[in-house]
Amino acid sequence: MAATQKTREQFIELRAENISFDKIAKQLKVSKSTLITWAKLYELDIQNLRAITHEALNQRYKASQEHRLGTVGTAITTITGAKQTVVPS
1 MAATQKTREQ FIELRAENIS FDKIAKQLKV SKSTLITWAK LYELDIQNLR AITHEALNQR
61 YKASQEHRLG TVGTAITTIT GAKQTVVPS
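Counting from 1, one number per residue, gives the positions in the sequence shown under the working numbering.
Since the hints were derived computationally from the structure, they do not count as laboratory data. For clarity, every value in this text was computed on a predicted model and none was experimentally measured. For glycine and all other residues, C-beta sits at the position ideal for the given N, C-alpha and C. The hints are all genuine.
Straight-line Cα separation of at most 20 Å, EDC-like style, residue types lysine to aspartate or glutamate; simulated pairs: (1) Lys32 to Glu17; (2) Lys40 to Asp22; (3) Lys32 to Glu9; (4) Lys23 to Glu13; (5) Lys29 to Glu17; (6) Lys6 to Asp45; (7) Lys29 to Glu9; (8) Lys26 to Glu13; (9) Lys40 to Glu17; (10) Lys26 to Glu9; (11) Lys40 to Glu9; (12) Lys23 to Glu43; (13) Lys29 to Glu13; (14) Lys6 to Glu43; (15) Lys40 to Glu13; (16) Lys32 to Asp45; (17) Lys6 to Glu17; (18) Lys32 to Glu43; (19) Lys6 to Asp22; (20) Lys23 to Glu9; (21) Lys32 to Asp22; (22) Lys32 to Glu13.
Have a look at the derived ranges for each label pair, beta carbon to beta carbon: (23) Gly81 to Arg8: 58 to 66 Å; (24) Glu13 to Leu69: 29 to 37 Å; (25) Ser33 to Ala56: 26 to 34 Å; (26) Thr37 to Ala75: 55 to 63 Å; (27) Lys6 to Thr71: 40 to 48 Å; (28) Ile19 to Glu66: 26 to 34 Å; (29) Gln47 to Gly70: 28 to 36 Å; (30) Thr53 to Gly81: 41 to 49 Å; (31) Gly81 to Gln10: 49 to 57 Å.
Starting from the given sequences, assemble the full structure and let the hints guide the process.
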């Protein structure tokens, strides 16, 4: 049975997630030797998808980190402001 374009795309996505050939073979019902051939054939696509996924995770982490820093900064400002009003000059 010939593999469809959708099956190849699923393979690329799964390999980009570092899923093993054995697991992919079972899931897609494609022989391991075919998957190894595809890995060579679609190596650039797999690497590009990994890079895109990695960049997206970095962006989410950065946004989360910026939010936490903003929250800490607000808390520090609030504490500092409270101390300035309590402590006589």
